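**Student:** So the chains spell out like this:
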Amino acid sequence: MKRRFPLLLVFIFGIMGIIPYYIPHAAYQNFDNGLRNDFLRILSAFAIILGLVSLMRVHHDKIKRKRENWQFSYVLIIGFVVSGIIGLLGGVEGELFLPTRIAGFQFDIQTLYLNIIVPLGSTMFALLAFFMASASYRAFRARSLESSLLLGAAFIIMIGVLPLADRISTHLPSFAQWVMDIPNVAAKRGITFGIALGGIATSLKIILGIERSWLGGKE
Amino acid sequence: MKVIEYLSQLDRRIVYLVLAFAVMLPLIIPSVQRVRVMTPVAKLFNAVDAIPDDRILMIDFDYDPQTLPEMEPMGIALLRHAFQKRIRVAALSLYVQPLGLAKRALDQVTEEFNQRATSYADSVIYGRDYVFLGWQPPPIVPLLGMGISITSVYTRDYYGYRTDSLPMMRRVRNFNDVGILVSLSGATAPLWWVAYSQTRFGVAVGAGITAVSASEFYQYYQTGQFSGLMIGMKGAAEYEELVETKLMLVDRRKASEALGSLTAAHLTMIAFIIIGNVGYFVRRRSRKGVVK
Amino acid sequence: MTFVILAGIFALAPPTGVNAYDTPNDGGGSVTVEWQLSSDDAIIEGYEIYRSEEGKDYDLVGFIGRGRTRYEDETENDIAYTYQVAALNNSERFFSETSPPVMSKPQLFDRDATMLLIGMIIFCAIILYFINQARRGKKLFIRKITGLDAVDEAVGRATEMGRPILYCMGIGLVDYIATIASFNILGEIAKKTGQYETPLIVPTSDPVVYTVAREIVKESYATIGRPDLFDSDKVYFVTDSQFAYAAAIDGVMLREKPAANFFIGYFKAESLIMAETGASTGAIQIAGTDQITQLPFFVTACDFTLIGEELYAASAYISKEPLLLGAIKGEDLGKIVILSILAIASVIGLLTRFPILNLFR
Numbered sequence: 000m001k002r003r004f005p006l007l008l009v010f011i012f013g014i015m016g017i018i019p020y021y022i023p024h025a026a027y028q029n030f031d032n033g034l035r036n037d038f039l040r041i042l043s044a045f046a047i048i049l050g051l052v053s054l055m056r057v058h059h060d061k062i063k064r065k066r067e068n069w070q071f072s073y074v075l076i077i078g079f080v081v082s083g084i085i086g087l088l089g090g091v092e093g094e095l096f097l098p099t100r101i102a103g104f105q106f107d108i109q110t111l112y113l114n115i116i117v118p119l120g121s122t123m124f125a126l127l128a129f130f131m132a133s134a135s136y137r138a139f140r141a142r143s144l145e146s147s148l149l150l151g152a153a154f155i156i157m158i159g160v161l162p163l164a165d166r167i168s169t170h171l172p173s174f175a176q177w178v179m180d181i182p183n184v185a186a187k188r189g190i191t192f193g194i195a196l197g198g199i200a201t202s203l204k205i206i207l208g209i210e211r212s213w214l215g216g217k218e
Numbered sequence: 000m001k002v003i004e005y006l007s008q009l010d011r012r013i014v015y016l017v018l019a020f021a022v023m024l025p026l027i028i029p030s031v032q033r034v035r036v037m038t039p040v041a042k043l044f045n046a047v048d049a050i051p052d053d054r055i056l057m058i059d060f061d062y063d064p065q066t067l068p069e070m071e072p073m074g075i076a077l078l079r080h081a082f083q084k085r086i087r088v089a090a091l092s093l094y095v096q097p098l099g100l101a102k103r104a105l106d107q108v109t110e111e112f113n114q115r116a117t118s119y120a121d122s123v124i125y126g127r128d129y130v131f132l133g134w135q136p137p138p139i140v141p142l143l144g145m146g147i148s149i150t151s152v153y154t155r156d157y158y159g160y161r162t163d164s165l166p167m168m169r170r171v172r173n174f175n176d177v178g179i180l181v182s183l184s185g186a187t188a189p190l191w192w193v194a195y196s197q198t199r200f201g202v203a204v205g206a207g208i209t210a211v212s213a214s215e216f217y218q219y220y221q222t223g224q225f226s227g228l229m230i231g232m233k234g235a236a237e238y239e240e241l242v243e244t245k246l247m248l249v250d251r252r253k254a255s256e257a258l259g260s261l262t263a264a265h266l267t268m269i270a271f272i273i274i275g276n277v278g279y280f281v282r283r284r285s286r287k288g289v290v291k
Numbered sequence: 000m001t002f003v004i005l006a007g008i009f010a011l012a013p014p015t016g017v018n019a020y021d022t023p024n025d026g027g028g029s030v031t032v033e034w035q036l037s038s039d040d041a042i043i044e045g046y047e048i049y050r051s052e053e054g055k056d057y058d059l060v061g062f063i064g065r066g067r068t069r070y071e072d073e074t075e076n077d078i079a080y081t082y083q084v085a086a087l088n089n090s091e092r093f094f095s096e097t098s099p100p101v102m103s104k105p106q107l108f109d110r111d112a113t114m115l116l117i118g119m120i121i122f123c124a125i126i127l128y129f130i131n132q133a134r135r136g137k138k139l140f141i142r143k144i145t146g147l148d149a150v151d152e153a154v155g156r157a158t159e160m161g162r163p164i165l166y167c168m169g170i171g172l173v174d175y176i177a178t179i180a181s182f183n184i185l186g187e188i189a190k191k192t193g194q195y196e197t198p199l200i201v202p203t204s205d206p207v208v209y210t211v212a213r214e215i216v217k218e219s220y221a222t223i224g225r226p227d228l229f230d231s232d233k234v235y236f237v238t239d240s241q242f243a244y245a246a247a248i249d250g251v252m253l254r255e256k257p258a259a260n261f262f263i264g265y266f267k268a269e270s271l272i273m274a275e276t277g278a279s280t281g282a283i284q285i286a287g288t289d290q291i292t293q294l295p296f297f298v299t300a301c302d303f304t305l306i307g308e309e310l311y312a313a314s315a316y317i318s319k320e321p322l323l324l325g326a327i328k329g330e331d332l333g334k335i336v337i338l339s340i341l342a343i344a345s346v347i348g349l350l351t352r353f354p355i356l357n358l359f360r
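Line by line, the protein sequences give chains A, B and C.
Everything in the first sequence is counted per numbering that gives the first Met the number 0, starting at 0 for the first residue and increasing by one.
Everything in the second sequence is counted per numbering that gives the first Met the number 0, starting at 0 for the first residue and increasing by one.
Everything in the third sequence is counted per numbering that gives the first Met the number 0, starting at 0 for the first residue and increasing by one.
The hints are simulated quantities; they were obtained by calculation from the structure and are not laboratory data.
Some hints here could point you the wrong way.
Okay, derived cross-link-like pairs now, DSSO-like style, lysine-lysine, Cα gap no bigger than 27 Å in a straight line [said to hold, decoys possible]:
#, chain 1, residue 1, chain 2, residue 2
1, B, K42, B, K253
2, C, K138, C, K104
3, C, K334, C, K319
4, A, K1, C, K191
5, B, K42, A, K187
6, C, K256, C, K267
7, A, K1, C, K217
8, C, K137, A, K61
9, A, K61, C, K217
10, B, K245, B, K42
11, C, K319, C, K138
12, C, K137, C, K256
13, C, K191, C, K233
14, C, K256, C, K217
15, A, K187, C, K267
16, A, K187, C, K143
17, C, K256, A, K65
18, A, K63, C, K256
19, B, K1, B, K287
20, B, K102, B, K84
21, C, K137, C, K104
22, C, K137, A, K1
23, C, K137, C, K267
24, C, K233, A, K65
25, A, K63, C, K138
26, B, K253, B, K84
27, C, K191, C, K104
28, C, K233, A, K63
29, C, K104, C, K55
30, A, K187, C, K191
31, C, K233, A, K61
32, C, K319, C, K143
33, C, K217, C, K319
34, C, K191, C, K143
35, A, K1, C, K319
36, C, K334, C, K143
37, B, K102, B, K1
38, C, K256, C, K233
39, B, K42, B, K84
40, C, K334, C, K138
Note that this is a predicted model, so its numbers are computed, not measured.
With the hints as extra help, turn the sequences into a complete structure.
**Tutor:** The structure is reproduced here in structure tokens:
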């Protein structure tokens, strides 16, 4: 029963998820929308509590056992508690009862998000350029015919998209565009077909209960 | 030989340092790089240019601060194009985050035009020439709802005005009155517009996307599902080029200025790859020599 | 009399052939009105659409620009409507004839999706056939997937070095196919690591994914008879913020120094940040994603990469479960069918475009 009930649920909801694509009737569409928009959201909201409890427990344990860099766990816990209080009691833009402004200094959750999280995220994203440089420097070697072709195509595209490509040859930007338009799209389409069919097959296996690894293995 | 071997096994921190200098230098001494306009951008420009008087341009601002450097110049170039040709614009966003960025772009271009305007007719007036619809959750609601009625989905605009009271929206009912919808996104929002809005209601869709995700969108451009594409910083620079050359509108071209850094970064990476490969071949040859 | 003559001379032509019908393949509440353009279409402002409900007065329901011949009206089901279309010019209206009455109704089946349904049934039938073959004991061959053969090597290496294994599931939600495929692989890897008592670290970026991953690891250890190995502090939720998650994974890699990193699931821009950091620690790295844009980064930075549907096949490949292998065979046959159709269609397309064929037309 412990395994049969989840498998039954997966089967029922899996079939119910396919039906809206074929039945436009408002009665079923409204039911499907309610399932996706309301039911799933409520489920996710409860799951957040589980996730947060796990996170707090991990860091509390780290502090208790004084594991490596345990001091940073204090930073996480304090940040979590402070932003939780400001957000829940102060509102998104300070509209609730907790004051989120001292003189000209604003610290409502929107300000904290825009001035701390967003720049940090942008910084991490900007690191990508450097990681790309070191990865390509380390890994792009013309070891074989395939890797040489890859290298050649990479050079053509990297130069072809630059304004100076026109000065090297007037045909270079067009050729780079052709590589992106034709061989690149052909390869991507092939992979997309495989992914789409693989997705259908995987979904079918899960709906029919053939694939049970997500339950923790078969019995 | 030893120099080559040393260069091909550099500490990655040296690579980062050289790249950082290469990217920073053109930003300190900015210059506008002129570009050749490629077909995907030209098609998008023409599609926007051909919007009839009774239809509007709809722009979905769907980028976040991380992709702002690539996407904002696209939005600004589009707005300049529309306002110069007196094409009415409806701006919206599928998520909360990009709202502030959308407003920033709208305010900037509006101010540019109003500083040059010599009369009320020349000016860009909110409600008459453009509206900012704001955001409605979840994303699927505007994608499908606007096919029936835009003002039913966005009953109030970003500023709180009733959308059906705005002069521009009185003759704009749904996607039938949208000439083209251009989605500026760092993620897959343009594909949602195609999958939902274009499939159901036939609205023409164009996209402005980041360079790294270009390969995902080319297949849709090839099939004609996208009327045109702007890809990354270069795509934005190409659109800026068209706005300047075809509409004779000269303004600051941020994407074109940034191309200097892009060029320097690409050339630096190419140089490092070449050095790495030269070192690899030198070592391989010396190993073969030892074996013999 | 003069007025009538003048009105006749200066009147514009109204639209003709007005037809209204229930919009097909929808959930009701919509009527489509079509007409033929007015012969003066070039000079008018546009067309106004008027509607009468069950014989009452006509009300204006919509406006559409010139050059257009179709309008979709929002209606109530099972009420008879008639329509007129008027060409509008300088506040003057030139009305068409009335359309026949029409009622909107919801449809039970979307006929536009018929081919899709047929295709899906055929594909599912192929898969079920091969699953049935596998059930009957037929041996099914699957080609070698190097990335999956390396899983044993990666686990062995970590065990020898006495270092943990990091399993990163990406930033996908629980309903993403890549995340589900990752769950399947996580179960198999948890069993392997359990057999060798190698620590397995699984930081997740979604609370629901965390709860499922935790149960999978716990059940996997229980399946091999070692429930005591499960450490709830090793499977944990980090954050759902993309780059904060990448920073956290980087931190784990630099502090814990895992000997093997698995990046299996749905990834976006953070993929290279994690993979390159892992490469700098000297770990063996196996990646798998269905995100086409991230594949080049994984191929560059990782030792082995599962591309696209190799990720979905991984569970079957590792477990060698006959039923799962049967589904992969079915998937491959489905691809062959599609490729054959594409090839035939391409040949036909090429042949019909040869200029020389014009001689025969």
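**Student:** If a hint holds in the structure, say so; if it doesn't, say that too.
**Tutor:** Checked hints:
1. B:K42 to B:K253: Holds: K42 (chain B) and K253 (chain B) sit about 22 Å apart, inside 27 Å.
2. C:K138 to C:K104: violated (53 Å)
3. C:K334 to C:K319: This hinted pair holds, its Cα atoms lying about 22 Å apart.
4. A:K1 to C:K191: Roughly 24 Å separates the two Cα atoms, so the pair holds.
5. B:K42 to A:K187: holds (23 Å)
6. C:K256 to C:K267: holds (23 Å)
7. A:K1 to C:K217: Holds - the C-alpha atoms of K217 (chain C) and K1 (chain A) are around 15 Å apart, at most 27 Å.
8. C:K137 to A:K61: violated (52 Å)
9. A:K61 to C:K217: holds (21 Å)
10. B:K245 to B:K42: holds (14 Å)
11. C:K319 to C:K138: At roughly 11 Å apart (the allowed maximum being 27 Å), K138 (chain C) and K319 (chain C) satisfy the hint.
12. C:K137 to C:K256: violated (44 Å)
13. C:K191 to C:K233: holds (16 Å)
14. C:K256 to C:K217: Judged against 27 Å, a Cα distance of about 23 Å means the pair holds.
15. A:K187 to C:K267: Given pair K187 (chain A), K267 (chain C) holds - Cα atoms ~17 Å apart, limit 27 Å.
16. A:K187 to C:K143: Holds. K187 (chain A) to K143 (chain C) sits at ~22 Å (cutoff 27 Å).
17. C:K256 to A:K65: holds (19 Å)
18. A:K63 to C:K256: Roughly 22 Å between the alpha carbons, so the hint for K63 (chain A) and K256 (chain C) holds.
19. B:K1 to B:K287: With a Cα-Cα distance of about 17 Å, the restraint between K1 (chain B) and K287 (chain B) holds, given a limit of 27 Å.
20. B:K102 to B:K84: holds (21 Å)
21. C:K137 to C:K104: With Cα atoms ~51 Å apart, K137 (chain C) and K104 (chain C) exceed 27 Å; violated.
22. C:K137 to A:K1: violated (31 Å)
23. C:K137 to C:K267: violated (40 Å)
24. C:K233 to A:K65: Given that 27 Å is the threshold and the Cα spacing comes to 16 Å, the pair holds.
25. A:K63 to C:K138: Violated, at roughly 54 Å.
26. B:K253 to B:K84: Holds: K253 (chain B) and K84 (chain B) sit about 21 Å apart, inside 27 Å.
27. C:K191 to C:K104: Violated. K191 (chain C) to K104 (chain C) sits at ~58 Å, over the 27 Å cutoff.
28. C:K233 to A:K63: holds (16 Å)
29. C:K104 to C:K55: holds (21 Å)
30. A:K187 to C:K191: Violated, at about 34 Å.
31. C:K233 to A:K61: Holds, at roughly 12 Å.
32. C:K319 to C:K143: Roughly 12 Å separates the two Cα atoms, so the pair holds.
33. C:K217 to C:K319: holds (22 Å)
34. C:K191 to C:K143: Judged against 27 Å, a Cα distance of about 20 Å means the pair holds.
35. A:K1 to C:K319: Holds, at roughly 25 Å.
36. C:K334 to C:K143: Roughly 18 Å between the alpha carbons, so the hint for K334 (chain C) and K143 (chain C) holds.
37. B:K102 to B:K1: Cα-Cα ~56 Å, so violated.
38. C:K256 to C:K233: holds (14 Å)
39. B:K42 to B:K84: Given pair K42 (chain B), K84 (chain B) holds - Cα atoms ~17 Å apart, limit 27 Å.
40. C:K334 to C:K138: holds (21 Å)
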